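Note that this note's numbering has the sequence shown beginning at -17, numbered continuously upward.
Hint data in this document are derived by calculation from the structure and do not stem from the laboratory.
Here the structure is a predicted model, which is why all the values come from computation and not from measurement.
Honestly, I wouldn't trust all of these hints.
[To be verified] Below, computed lysine-lysine pairings styled on DSSO-like, alpha-carbon distance capped at 27 Å:
#1 Lys(-11) to Lys5
#2 Lys(-1) to Lys41
#3 Lys(-11) to Lys(-1)
#4 Lys(-16) to Lys(-1)
#5 Lys41 to Lys5
#6 Lys(-16) to Lys4
#7 Lys(-16) to Lys41
#8 Lys(-11) to Lys4
#9 Lys(-11) to Lys41
#10 Lys(-1) to Lys11
#11 Lys(-16) to Lys5
#12 Lys4 to Lys41
#13 Lys11 to Lys(-16)
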Amino acid sequence: MKQSEIKELSVAELQEKLGETKKSYSDLKLAHAISPLENPIQLRSIRRTVARIATELTKRELQ
């Protein structure tokens, strides 16, 4: 998910998306621990998406 897409979402949508993305990340991480993923770069991209969403939420709280 790109930063421009994240900026267009509302706070409620961001919180929902953050929960979904964190769950997806934990599921992939668990699957990777059991048997290696075909594309382990997915983990990095999802982790960065979580950080982008969390950063945008924090930024909006401070405004």
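Hint by hint, here is what the structure shows:
Between Lys(-11) and Lys5 the alpha-carbon distance is near 21 Å, which keeps this suggested pair within the 27 Å criterion. With a C-alpha separation of about 16 Å, the suggested pair Lys(-1) and Lys41 falls inside the 27 Å cut-off, and the hint holds. Pair hint Lys(-11) plus Lys(-1) holds up; C-alpha atoms about 12 Å apart against a cutoff of 27 Å. For the suggested pair Lys(-16) and Lys(-1), the alpha carbons sit about 13 Å apart, so the restraint of at most 27 Å is met.
Between the alpha carbons of Lys41 and Lys5 the distance comes to roughly 22 Å, so the proposed pair stays at or under 27 Å and holds. For the hint linking Lys(-16) to Lys4, the alpha-carbon distance of about 16 Å falls within 27 Å, and the restraint holds. About 16 Å separates the Cα atoms of Lys(-16) and Lys41, which keeps this hinted pair within 27 Å; it holds. For the hint pairing Lys(-11) with Lys4, the CA-to-CA distance comes to about 19 Å; that is within 27 Å, so the pair holds.
At most 27 Å may separate the alpha-carbon atoms for a hinted pair to count; Lys(-11) and Lys41 meet this at roughly 11 Å. Our distance criterion of 27 Å between C-alpha atoms is met by Lys(-1) and Lys11, whose separation comes to about 18 Å. With a C-alpha separation of about 19 Å, the suggested pairing of Lys(-16) with Lys5 holds against the 27 Å cut-off. About 19 Å separates the Cα atoms of Lys4 and Lys41, which keeps this hinted pair within 27 Å; it holds.
Between the alpha carbons of Lys11 and Lys(-16) the distance comes to roughly 22 Å, so the proposed pair stays at or under 27 Å and holds.
Checked against the numbered hints above, the structure breaks none of them.
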